[in-house]
Amino acid sequence: MSAAIDNHWYPVAMISGIDAPRETLLLGKKIKLGREDGICWVKDASGTPLPTVERFGHLWTSPGQPNRDLFTIPEADSPGRRLVDVGSVKVKCSPLRAVENFLDIAHFPFVHTDILGAEPHTEVDRYDVKIREEVDEVWATKVKFFQPQAAKSAAGGITTEYMYRVPAPTCSVLYKTCPPRPGEWDIITLFVQPLTDEWCEVWPWMALYDDDSTMSEMVSFQQLIFMQDRSILENQLPRKLPLDPGMEVPTQADMTSVAYRRWLKKIGYTYGAQLVAA
Amino acid sequence: MNWIAVGLAKDVPPGVVIPSRIEDTEMAIWCTPSGRYHAWSDRCPHRGMRLSHGFVRGETLACIYHGWQYNQTGSCDYIPAHPKLTPPDTICVPTYTCVEEGGVIWVSLNSVDDPLPVLGARVPVRSVPVSLSAKDVAAHFGAAGFTTIAVVSDYDTLLAVQPCTDTMCVLHVLAAPDADRKEVSRWVEDLRTTLEGVPA
Ligand code: FES
Ligand SMILES: [Fe+2]
Numbered sequence: 001m002s003a004a005i006d007n008h009w010y011p012v013a014m015i016s017g018i019d020a021p022r023e024t025l026l027l028g029k030k031i032k033l034g035r036e037d038g039i040c041w042v043k044d045a046s047g048t049p050l051p052t053v054e055r056f057g058h059l060w061t062s063p064g065q066p067n068r069d070l071f072t073i074p075e076a077d078s079p080g081r082r083l084v085d086v087g088s089v090k091v092k093c094s095p096l097r098a099v100e101n102f103l104d105i106a107h108f109p110f111v112h113t114d115i116l117g118a119e120p121h122t123e124v125d126r127y128d129v130k131i132r133e134e135v136d137e138v139w140a141t142k143v144k145f146f147q148p149q150a151a152k153s154a155a156g157g158i159t160t161e162y163m164y165r166v167p168a169p170t171c172s173v174l175y176k177t178c179p180p181r182p183g184e185w186d187i188i189t190l191f192v193q194p195l196t197d198e199w200c201e202v203w204p205w206m207a208l209y210d211d212d213s214t215m216s217e218m219v220s221f222q223q224l225i226f227m228q229d230r231s232i233l234e235n236q237l238p239r240k241l242p243l244d245p246g247m248e249v250p251t252q253a254d255m256t257s258v259a260y261r262r263w264l265k266k267i268g269y270t271y272g273a274q275l276v277a278a
Numbered sequence: 279m280n281w282i283a284v285g286l287a288k289d290v291p292p293g294v295v296i297p298s299r300i301e302d303t304e305m306a307i308w309c310t311p312s313g314r315y316h317a318w319s320d321r322c323p324h325r326g327m328r329l330s331h332g333f334v335r336g337e338t339l340a341c342i343y344h345g346w347q348y349n350q351t352g353s354c355d356y357i358p359a360h361p362k363l364t365p366p367d368t369i370c371v372p373t374y375t376c377v378e379e380g381g382v383i384w385v386s387l388n389s390v391d392d393p394l395p396v397l398g399a400r401v402p403v404r405s406v407p408v409s410l411s412a413k414d415v416a417a418h419f420g421a422a423g424f425t426t427i428a429v430v431s432d433y434d435t436l437l438a439v440q441p442c443t444d445t446m447c448v449l450h451v452l453a454a455p456d457a458d459r460k461e462v463s464r465w466v467e468d469l470r471t472t473l474e475g476v477p478a
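Top line first, the protein sequences correspond to chains B and C.
First residue of the first sequence: 1, per my numbering; consecutive thereafter.
First residue of the second sequence: 279, per my numbering; consecutive thereafter.
So that you can see chain B by itself, here it is in the shape it has in the complex (with noise of 0.2 Å):
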């Protein structure tokens, strides 16, 4: 595997859910990882320790030699949040394929029909896209859709704000209207640990500010929204994410695809993806 490809962090596990030494898979090779002394391991199939960071309620690792920490969420730190480990969910799909999924509202009317979004209200507003340079992220910024029910704390119909960050090339942050706060973000982020290149293990992780519902309510509001996605991840063709144009069609309302895609390719990231056009 190449350095563009090994030298970044992946989410293994949510450290609360770690108890014996366990096995898994990353890039499609096993490792072994575990607890002790209340210190979370990494292994790689030959008993060598790989690097490990415990951020956001997850242990993270990587097979070579990042080239630079983990990425923050500065905002996750403000008091008055709730943090929520919302578990894990296997999807049969390219982790490139759940995150682009993720950076994508045309969606919610048809997918998750009277959550997210609801029919007659479809349209996609232009909103602005951007690869940052210097930090080598992708931002799509003011990005404004009605949800009927935009979060478990939400009331009735509202049109939400949205930003997207993709800091590194399985995992993407939310940044959304809240609610009961108006001025602050909720975020929700998604952690994709690719298992192997069609298949892979998706950790969402959100801060909410909500005060009135249960941890299981959050919970379970999250994993309602992530199997309604499931359903369309499975059933997409081809599996890997295309990225050379020509195979897929995108409209404006798809620039943030387009440029997560096109950063991909800058960076040479090709784990998950399709190159030639079949």
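Any given hint might turn out to be false.
What the hints assert, rightly or not - Taking lysine-lysine and the DSS-like style, the derived pairs with C-alpha atoms no more than 30 Å apart in a straight line are:
(1) C:LYS362 <-> B:LYS130
(2) B:LYS142 <-> C:LYS362
(3) B:LYS43 <-> B:LYS29
(4) B:LYS43 <-> B:LYS130
(5) B:LYS32 <-> B:LYS142
(6) B:LYS43 <-> B:LYS32
(7) B:LYS265 <-> B:LYS90
(8) B:LYS30 <-> B:LYS265
(9) C:LYS362 <-> B:LYS144
To be verified - Derived list of chain B stretches under chain C, where covered just means 3 residues or more per stretch with a C-beta under 8 Å from a C-beta of chain C:
(10) 73 to 80
(11) 118 to 126
Unchecked claim - Here are some chain B residues the structure puts well away from chain C; computed CB gaps all over 10 Å:
(12) ARG35
(13) VAL53
(14) GLN65
(15) SER231
(16) MET247
(17) VAL249
(18) GLN252
(19) ASP254
None of these hints come from the bench; they were simulated from the model.
Yeah, the Cβ is synthetic: ideal placement off N, Cα and C, and Gly gets one too.
Chain B is fixed; fit chain C with the ligands onto it per the hints.
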């Protein structure tokens, strides 16, 4: 390859879409509210979602992912994210020749104008998947081609064979109009057992 049966009309009533396949060609088979049958490539040009998971709305087939609607020629008519946009003609789904005849949905992948198989007075009974290739089924009956095979039985049965994979095909079974459907059904189950070589 000429006409291949891909389903029975009664299993795909108006407003319904199902997945089907002829060897490596995966298709969405659907019926408009006015009763016209279509066989399309099972892949939405937008982002690759299977159209067989979509829904029929009016005389169009809509994709379940972002709701793009395709008219009867396979052209995209409507993109919900951009309601005011007239989609360019270039956005279209590959379509295959498809007709309904004698209660059977027939598809021709190469659009050859061959006549449809002769069914006589027979009527459709049911479709049965079999774990055997279409070729092996034909060989079992000593048939040269496998599109349709008339079988000597008490019910004047005809098998329209749909090749799916090297180890799978579907038999669409037709029989004399006065044949008892339950008996024909049992006859087909026995036939499947024989074909699959599983001891009864
Ligand atoms: S993939 Fe079919 S409408 Fe988007
Ligand atoms: Fe979704």
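Here is how each hint holds up against the structure:
no.	hint	in the structure
1	C:LYS362 <-> B:LYS130	holds, 26 Å
2	B:LYS142 <-> C:LYS362	holds, 21 Å
3	B:LYS43 <-> B:LYS29	holds, 11 Å
4	B:LYS43 <-> B:LYS130	violated, 37 Å
5	B:LYS32 <-> B:LYS142	violated, 41 Å
6	B:LYS43 <-> B:LYS32	holds, 5 Å
7	B:LYS265 <-> B:LYS90	holds, 25 Å
8	B:LYS30 <-> B:LYS265	holds, 26 Å
9	C:LYS362 <-> B:LYS144	holds, 18 Å
10	73 to 80	violated (count 0)
11	118 to 126	holds (count 4)
12	ARG35	holds, 40 Å
13	VAL53	holds, 33 Å
14	GLN65	holds, 35 Å
15	SER231	violated, 8 Å
16	MET247	violated, 8 Å
17	VAL249	violated, 5 Å
18	GLN252	violated, 7 Å
19	ASP254	violated, 8 Å
Hint violations for this structure: numbers 4, 5, 10, 15, 16, 17, 18, 19, all remaining hints satisfied.
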